[in-house]
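Chemist: What follows is the residue order along each chain.
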Amino acid sequence: MRFLAIAQAEMRILARNRWLFMATLIMVLFALALTFAGSAPTGTLGVDMLTVSVTSMTTLSVYLAPLLALMMAFDAVAGDAERGSLGLLLSYPAGRGEILLGKFTAHLAALTIAMTIGFGTAGAIAAYMGGAGHESVLALLRLIGTSVLLGGVFLTLGYMVSSLAKSATAAAGMAAGLWLIFVVLYDLGLLGAVVMDTGGWFTETLFPWLMVANPADAFRLWNIASSESVALASGMVGAASALPSWAAPLSLAIWPLLGFAFARLAFRRVEP
Amino acid sequence: MTDKILEINDLVKDRGKTRVLHGVDLTVSAGERVALLGHNGAGKSTLIKTVLGLTKLGGGTVKIAGHKPGSGAARADTAFLPEAVSFHPALTGREQLTLFARLAGQKADIAGLLERVGLADALDRRIGTYSKGMRQRLGLAQVLLGKPKLALLDEPTSGLDPISRQDLYSIIDELAAGGCAVLIASHALTEVEARTDRIAIMRKGHLVADDTLAGLSAKAGLRTKMRVRVTSDAEALVQATGGRRMNGASVEIEIDAAGKMEMLRKIAEMGGAVADVDITPPRLEDLYRFYAKEELH
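Sequence order for the protein chains is C and V.
Heads up, the first sequence is in our numbering, so the first residue is 809 and it goes up one at a time.
Heads up, the second sequence is in our numbering, so the first residue is 4 and it goes up one at a time.
Wrong hints could be hidden among the right ones.
What the hints assert, rightly or not - Straight-line C-alpha distance at most 25 Å; calculated SDA-like pairs for lysine to any residue:
{"no.": "1", "chain 1": "C", "residue 1": "Lys974", "chain 2": "V", "residue 2": "Lys59"}
{"no.": "2", "chain 1": "V", "residue 1": "Lys110", "chain 2": "C", "residue 2": "Arg904"}
{"no.": "3", "chain 1": "C", "residue 1": "Lys974", "chain 2": "V", "residue 2": "Asn43"}
{"no.": "4", "chain 1": "V", "residue 1": "Lys152", "chain 2": "V", "residue 2": "Arg119"}
{"no.": "5", "chain 1": "V", "residue 1": "Lys110", "chain 2": "C", "residue 2": "Gly905"}
{"no.": "6", "chain 1": "V", "residue 1": "Lys110", "chain 2": "C", "residue 2": "Ser893"}
{"no.": "7", "chain 1": "V", "residue 1": "Lys152", "chain 2": "C", "residue 2": "Trp1017"}
{"no.": "8", "chain 1": "V", "residue 1": "Lys71", "chain 2": "C", "residue 2": "Ser893"}
{"no.": "9", "chain 1": "V", "residue 1": "Lys135", "chain 2": "C", "residue 2": "Gly905"}
{"no.": "10", "chain 1": "C", "residue 1": "Lys974", "chain 2": "V", "residue 2": "Gly61"}
{"no.": "11", "chain 1": "V", "residue 1": "Lys110", "chain 2": "C", "residue 2": "Asn825"}
{"no.": "12", "chain 1": "V", "residue 1": "Lys135", "chain 2": "C", "residue 2": "Asn825"}
{"no.": "13", "chain 1": "V", "residue 1": "Lys207", "chain 2": "V", "residue 2": "Ala87"}
By construction, these hints were calculated from the structure, which means they are not laboratory data.
Every value quoted in this text rests on a predicted model; they were computed, and no experiment measured them.
Full structure from sequences and hints, please.
Modeler: Here it is, written out as structure tokens:
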């Protein structure tokens, strides 16, 4: 199991350079801030505080999970190439797919730790202060799971730009661009199209599918559509109800595989 | 059966429209130490990358113990020391070497290996605190992992102090004695001279020489220099040998390798008139200059 050897070394590196600690700290702080800031509408909507907290954290995770993942991943290939250790690594019997898989395993584990502790802490506090039902606990677990999946997608996309870029600095720039496109610009573009279309065929039929094709939006839809009360709290019922329930989970399940395939293809062409 | 570990035949490599390797032939046998010399850009690193399977060949064949470059079997048989090697600064020497051992599928004595290269004290220190020479030693330690059939060392002495260089070459000797084929790309000409069995010289993607030091000298026709110190009459010696007078007491004679003994006898016949004789055979630097400047046909 060569990829496990790489995963172990990568995990050690994440722990040593305080990445794991920083990522977890960022998640805890943001999740706590949102939980307390968003606790006001509990009474008016008739949902418990954990539900409101999960809704706020879903919005947060759309931005933060891809960002943390890209920050971990952009250096994965370009950094090794720049240090000159990539050539040596590739002269060993481990295949390129195994190397990527090893890094992915470690990075995904780090994301899982950060997400679980971050959202878990905020969720526990919200539940303690404002109560939690069976459904809202499920929503929290779903949030953690889907956040890790979303992070996984952007890890693989990060490896892809890391393989395509000529230097680690260029890879960082490309990663920032990727984040902007997937998380901000894509939605703005769709929104613009919907406004232009004024409720025609595009808005009715194509728009929901285009939306779910973006992993960040699929993440949002999955969390919102699965929980009625979360949907109520977020006010995003419309788009979610236009799609079959399997659409968002399918999108989030396919994207990591797709991203890994892209990264593997890009890595194949890297000549250290 | 053959003991040829590395076999390169008519290797061609293009980068864009530029041809960087022009039909290179080179073999390295088990236990043989071959120096690969050449200017920057002569194609040494490209050649090594091709053997490692890191870059595709444009034509010709490369075989490592009968396997295709980049195949699992070839990679398992090959050890590589990159030029100015670097590792992740957050890992310790022991951790880095353990990772390499696991990747190679070896159960290695990590502490013993690190002691062998003089890093016993730095075993559990982070590589970020290592000096350049220490990183190079760590790189060398991973070459010794397992029993490679072929070792490719790219500028192995860069960044090493003279004592470390001696250590390095004794480790290379050990490797070769164990049956490993060693290919050393180097600029450090004088050290390579004493420590290798054969010398290959590259120039602008062509292999312009591949022979033993003596063979190269004979082909190049470089002359041996003799410096004769006389006790009395330098002029008589100049007359007898056709040498060149350096100062009042010495004469310098340049001679082909074949005529050396003849000339020595002539000088010996002069008896007491000669105080001392120094003989300087052509050095690797002269040879290198000769082959690296030679016009391509």
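Chemist: For each hint, tell me whether it holds in the structure or not.
Modeler: Okay, the hints, checked on the actual structure:
1. Proximity of C:Lys974 to V:Lys59 is assessed by CA-CA distance (about 19 Å); at most 25 Å being required, the pair is judged to hold.
2. With a C-alpha separation of about 22 Å, the suggested pair V:Lys110 and C:Arg904 falls inside the 25 Å cut-off, and the hint holds.
3. Proximity of C:Lys974 to V:Asn43 is assessed by CA-CA distance (about 22 Å); at most 25 Å being required, the pair is judged to hold.
4. Restraint check for V:Lys152 and V:Arg119: the C-alpha separation of about 20 Å stays at or below 25 Å, so the hint holds.
5. Between V:Lys110 and C:Gly905 the alpha-carbon distance is near 23 Å, which keeps this suggested pair within the 25 Å criterion.
6. A hinted pair counts as satisfied when its Cα atoms are at most 25 Å apart, and V:Lys110 with C:Ser893 qualifies at roughly 22 Å.
7. For the hint linking V:Lys152 to C:Trp1017, the alpha-carbon distance of about 56 Å lies beyond 25 Å, and the restraint is violated.
8. Distance restraint check for V:Lys71 and C:Ser893: the Cα-Cα separation of roughly 23 Å lies within the 25 Å cut-off, and the hinted pair is therefore satisfied.
9. Restraint check for V:Lys135 and C:Gly905: the C-alpha separation of about 31 Å exceeds 25 Å, so the hint is violated.
10. Pair hint C:Lys974 plus V:Gly61 holds up; C-alpha atoms about 23 Å apart against a cutoff of 25 Å.
11. Restraint check for V:Lys110 and C:Asn825: the C-alpha separation of about 28 Å exceeds 25 Å, so the hint is violated.
12. Of the supplied pair hints, the one linking V:Lys135 and C:Asn825 holds, its CA atoms being roughly 21 Å apart against a limit of 25 Å.
13. Between V:Lys207 and V:Ala87, the direct Cα distance comes to roughly 23 Å. Compliance with the 25 Å bound is thereby established for this hinted pair.
Figure legend: structure checked against the earlier numbered hints; hints not met, in rising order: 7, 9, 11.
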